[in-house]
Amino acid sequence: MEIFKWLNSQLLRMDWLSELVKILVENIFQLETSKQLGASVHFFIYDVIKIFILLSVLIFVISWIQSYFPPERTKKILGNMTGIKAKLMGALLGTITPFCSCSSIPLFIGFTNAGLPIGVTFAFLISSPLVDLASVILLASIFNWPIAIAYVITGIILAVIGGVIISNAQMEKYIEGFVLKNKMASIEPEKLSPEERYRYALDQVQDVFKRVWPYVLIGVGIGALIHNWIPESFITGMIGKNHWWSVLVATLMGVPMYADIFGTLPIAEALVNKGVGLGTALAFMMAVTALSLPSLIMLKKVVKTPLLVLFTGIVTAGIIIIGYLFNSFDYLFI
Amino acid sequence: MEVKILGTGCPKCKKLTEVTEQAAKELGIEISIEKVTDLEKIISYSVMSTPALVVNGVLKVAGRIPSIDDLKKMLV
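Residue numbers (this note's numbering), protein chains in the order written: chain G, 248 to 581; chain Z, 5 to 80.
Hint data in this document are derived by calculation from the structure and do not stem from the laboratory.
One or more hints might be untrue.
Unchecked claim - In silico DSSO-like cross-links for lysine-lysine, where the CA-CA straight-line distance does not exceed 30 Å:
no., chain 1, residue 1, chain 2, residue 2
1, G, K548, Z, K19
2, Z, K39, G, K430
3, Z, K76, G, K457
4, Z, K45, G, K323
5, G, K547, Z, K39
6, G, K428, Z, K64
7, Z, K18, Z, K76
8, Z, K8, Z, K29
9, G, K551, Z, K45
10, Z, K45, Z, K29
11, Z, K77, G, K457
12, G, K438, Z, K18
13, Z, K45, G, K547
14, Z, K29, G, K438
15, G, K547, Z, K18
16, G, K438, Z, K76
Let's have the full structure, built from the sequences with the hints guiding it.
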């Protein structure tokens, strides 16, 4: 247990980095970390470096795993299953497949065209941005393991329930015609050499890094602001624990926003430190990552409005419910 | 030689284009690169993950950027 604790604090929380940055801020910048400005500078530098290190390592490892599950293989696995089991598998496979919304649309077309039930595809589509292994480990780093695990489980349940509702609503007619028109050939998944997997994983790290670094800087910047400059009363007045509307407001604010989960985590962290409910902060984070205007616009190319509205509605409602659940049971986690 | 890069405009598609151009240059062959961003056209090649490379109408690779040596083999 002691070893586990040590690994957790040094590798995940990077306490050593916090100490190093403290030395840097106090001795080189001549700022006291117990004061407002010094604390913000410390938070910013420490969080940015920590997130970038974790992000690079995690994306590399996950991409390596991912290279064993190309979409062609996922499609095959899902094609052999039915019912709730298929939806659960779809949600689980969603956690180890692409990070980018631009890759999820060709995937959606491929699955649907191959005759996978729409509920399974949507279970996959909901879980894919919401729960990925990288975000889970970051959650464990910033909060703790129970929160990270509860987040994964609720995210997967949301994806499965979303899939079930969409499949029961018989929404097949709201898929754009061209998706089903021409039967796509079934391509055999490629056999990759270790060197190719290494290259793929490295490319993924570069790609994700290039895409998310501005969001991380902005996210940590906002986090630092919330942390030390914005008065607590202002934040708790808006989305504090004692208001019934907090989760609702946080979710609805997060839905249209587009940011990466790596950028939203430091904001969630700062919000919780300022006395915002855990569920409210998580709901905000989930809303930002699971839904965004750009991804909805992409999705609109392949599905018609009623299905798009149902999808958005289910995910939004699910996030709100998860938020209230976490708020009610937060004594279990913190 | 007719080369098509399939992708909805992600950064990786740009990178694949660059590496393909370089491979062609090193081989000393003339290629024309067409970027296909239309979803309907992309799926007509049965591709589920982008970027993908099509050489003279044949799908060579999808979902990853090959090394420059592998690309050279695909272009010959």
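Taking the hints in turn, this is what the structure says about them:
no.: 1; hint: G:K548 with Z:K19; in the structure: holds, 25 Å
no.: 2; hint: Z:K39 with G:K430; in the structure: holds, 23 Å
no.: 3; hint: Z:K76 with G:K457; in the structure: holds, 27 Å
no.: 4; hint: Z:K45 with G:K323; in the structure: holds, 23 Å
no.: 5; hint: G:K547 with Z:K39; in the structure: holds, 22 Å
no.: 6; hint: G:K428 with Z:K64; in the structure: holds, 24 Å
no.: 7; hint: Z:K18 with Z:K76; in the structure: holds, 18 Å
no.: 8; hint: Z:K8 with Z:K29; in the structure: holds, 16 Å
no.: 9; hint: G:K551 with Z:K45; in the structure: holds, 20 Å
no.: 10; hint: Z:K45 with Z:K29; in the structure: holds, 27 Å
no.: 11; hint: Z:K77 with G:K457; in the structure: holds, 29 Å
no.: 12; hint: G:K438 with Z:K18; in the structure: holds, 24 Å
no.: 13; hint: Z:K45 with G:K547; in the structure: holds, 17 Å
no.: 14; hint: Z:K29 with G:K438; in the structure: holds, 28 Å
no.: 15; hint: G:K547 with Z:K18; in the structure: holds, 24 Å
no.: 16; hint: G:K438 with Z:K76; in the structure: holds, 19 Å
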